[in-house]
Amino acid sequence: MAARDLIRDVLLAPESITSLTPLDWDLLMRQGRRANLLARLAHVLNARDALDSVPSAPRQHLVSAMRITERQTIAVRHEIACIANALEGSGVPLILLKGAAYVAADLPVSVGRIFSDVDIIVPRPLLGQAESALLQHGWRGSTLSPYDQRYYRRWMHELPPMRHFRRDTTIDVHHNILPETARLSADSHALLDNVVSVPGHDRVFVLQPVDMLLHSATHLFHEGEFISALRDLFDIDGLLRHFGSRPGFWDELVRRAAAVGLSRPLYYALRVSVDLLRTEVPKDVLATASIGRPAAPLAWTMERCFALAFQPVHPSVDTAAVKAARFALYVRSHWLRMPMHLLVYHLGRKALLRTTSADTPVETARPA
Amino acid sequence: MKVGDLSPDALRRQVGEGNLLIDLAPFVARLRCDVDSAVRNLASMYAAFSVLPSDHFADFHIQVMREPGLRRWYRPQARFFFDGQPSFTPLPSDQAFAMIEWGLNWCVAAHAHQYLIIHAAVIERDGRAALLPAPPGSGKSTLCAALVHRGWRLLSDELALIDMDTGQVCGMARPVNLKNESIDVLRAFAPEAVLTPPVPDTLKGTVSLMRPPLASVQRRREPAMPAWIVLPRYTAGSPPRLVAHNRARTSLLIAEQSFNYDIQGLRGFDALCAVLDRCECLQFTYGDLDDAVRAFDALAATH
Amino acid sequence: MIAWSPNEISRFRIKDFGDDGAVVYDIASGDTHAVDALAMELLQMLMERAPRTADSISADLARLLEGETEADVVDAVDRGLAQLQRLGLVLGSAH
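For the record, the sequence lines run as chains X, F and E.
Residues 393 to 760 in the numbering used here are what the first sequence lists, from first letter to last.
Residues 137 to 439 in the numbering used here are what the second sequence lists, from first letter to last.
Residues 9 to 103 in the numbering used here are what the third sequence lists, from first letter to last.
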């Protein structure tokens with residue numbers, strides 16, 4: 393069977409569900425579930441009053457997926473309130489990132505989204521206070537091995553995830569957009585200078601729209617794991633659609649990217665979003681953003697890699713080419729993070745762990 | 137066409153290729169398995185269930201496959217896959233059929249949130265259902281297996297599927313899971329019951345599955361309205377005692393025994409309250425299955 | 009002296025089972041709790057009139073429970089209020 397990105401096709405053209413066979417629905421549900429896009433599909437169909445026309449059997453899966461995301465949205469809101477409470481009086485501002493930020497800011501892209509952790513960003517000098525306030529309010533340090541702890545604290549841009557002892561929720565405390573060794577050094581301090589408060593909560597902050605986009609783009613195009621890649625790309629598409637109608641947004645986006653050193657990830661985000669999701673980006677914006685494009689041979693390779701790698705991670709679309717592209721990007725993401733000698737050690741160690749412990753479950757992506 | 141209509145060779149081939157679709161109303165499972173003992177058990181336990189054409193929509197794609205490499209010959213193992221993704225650690229391949237059963241339970245419990253799903257046995261008589269929630273090892277499966285051979289219809293021994301709009305409970309009438317001593321107890325109590333060859337040394341002890349009574353399978357599409365929540369407790373030598381159980385505590389217990397109560401949010405709470413409104417809440421202590429049959433007969437006779 | 013009041017009641021959904029107590033759903037957090045019958049009685053009293061001190065509640069309760077003195081019920085009232093407070097159903101403010 394030819395590889396078919398059915399989940400993407402249907403999300404881009406929901407009216408096409410009328411021509412789906414039972415086996416098509418079967419594949420669509422499985423791809424959608426694996427790509428964490430099932431609830432999104434449910435909401436897209438619901439918004440056009442098309443849910444009732446879905447055959448009863450697949451419809452149950454869509455309903456089921458919506459129940460999960462509805463519940464998670466409530467849980468995230470509650471978690472944000474608890475975190476705000478914990479940081480109150482600690483001198484640490486509550487700045488949300490990613491999914492939690494989308495919920496707090498009531499963005500359309502938050503609807504039908506699966507959440508796992510809450511991500512916050514804290515200025516480096518305040519990390520100790522943040523960790524302390526969280527520990528006082530019931531969060532516990534993680535159970536990573538000493539090696540992974542050191543890896544996190546030294547090379548990743550966050551503390552190891554902390555878990556709340558009673559609610560069993562996880563918080564990821566970031567202190568920079570990229571790890572310190574990144575070959576692409578970005579001025580993330582600038583991003584923190586322009587945070588905006590969330591409607592109705594003057595103590596809760598999110599990145600301003602252009603920075604939210606840049607952060608999402610940087611995260612996605614430096615990632616090594618692709619389980620959520622298509623979902624994350626839809627996030628970028630959703631953010632662009634929502635903010636794109638604001639006057640001056642596009643100009644500011646390109647200018648800001650150049651100012652903080654994120655022109656390359658912005659270029660990739662726009663290019664791939666346009667190519668794969670038919671996002672409407674003004675042509676002149678694409679042209680201007682091309683300052684971020686690398687030299688020709690590399691650009692073509694990267695773009696091809698991304699196009700392949702963004703397929704849903706599912707046996708139905710798991711060709712050799714896709715696997716190779718993903719592996720190349722996995723290595724690249726680590727290359728971007730750390731110097732070569734450490735990279736070899738880290739990758740070697742991870743491979744060793746995989747082969748000596750035959751019973752460990754398949755390594756999955758860090759939750760987005 | 138039923139599973140039992142397929143010749144052993146045809147069944148083995150079809151399920152080996154991953155083209156066996158079984159009607160497990162309200163779900164359809166597409167199964168792939170290359171472990172012979174599991175396929176034989178499948179033929180026996182699911183003989184009365186319908187097979188669907190391979191171009192039918194399937195809710196769950198599951199595979200239970202022999203582990204490759206050395207594990208094919210040395211203490212062979214099998215592993216469960218959900219839509220091609222390995223889930224759970226591999227187990228000795230004589231447990232492959234049990235893995236199919238546990239795997240199917242997991243598929244439903246983890247994905248079918250159109251229902252409020254309670255970890256409980258469900259049996260029915262005269263249109264009224266009794267829910268028997270209980271943590272593992274409380275004897276509910278043995279009690280359930282016995283009662284469905286004495287006038288009660290089996291809806292499920294593990295998963296009570298509650299329709300949150302109508303309040304009715306559905307079940308799949310799938311095989312009943314028996315462990316250790318209860319295997320022999322049940323054999324003595326209901327010699328007509330068909331059991332898979334017991335498999336020792338599983339995580340749950342020695343395990344055997346009991347074929348669901350034919351009438352239960354034939355009527356599995358009929359839901360029922362819950363009328364009783366009975367918390368069973370087996371204590372050897374204990375005389376039968378049926379007493380009222382605190383309703384608030386029963387509610388909390390049902391919520392705790394639910395796989396997806398939390399996901400359902402407020403809707404789940406309202407549905408839970410509706411179930412409680414309809415049900416008598418009872419605690420049942422017993423030491424003998426015949427006593428239990430009589431006690432449940434008496435329950436069924438009440439209005 | 010602590011004055012007790014019921015918390016914003018729209019945050020909760022309550023299913024009262026009378027003598028068996030009640031179950032309460034906290035809509036914001038998604039938590040479900042069992043509350044015993046006495047604590048439910050205290051909550052009812054506070055919903056009728058608040059803010060009130062524990063002593064005032066004990067006095068009324070003692071009257072309702074014919075034969076009990078205020079001293080008898082004060083411990084039970086304290087426990088009940090503590091339970092309600094823990095679940096976020098009532099708030100206490102110092103006077």
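None of these hints come from the bench; they were simulated from the model.
Cβ atoms here follow ideal geometry from the backbone N, Cα and C, with glycine treated the same way.
Don't take each hint at face value.
Said to hold, decoys possible - Which residues of chain X face chain E? A few of them, derived with a C-beta cut under 8 Å, are:
{"#": "1", "residue": "Val455"}
{"#": "2", "residue": "Ala467"}
{"#": "3", "residue": "His470"}
Hint check results:
Interface hint at valine 455/X: violated, since its Cβ lies 19 Å from the closest Cβ of chain E, which is beyond the 8 Å cut-off. A cut of 8 Å between beta carbons decides the hint on alanine 467/X: the least distance to chain E is about 6 Å, and the hint holds. Hint status for histidine 470/X: holds, given a least beta-carbon distance of 5 Å to chain E, under 8 Å.
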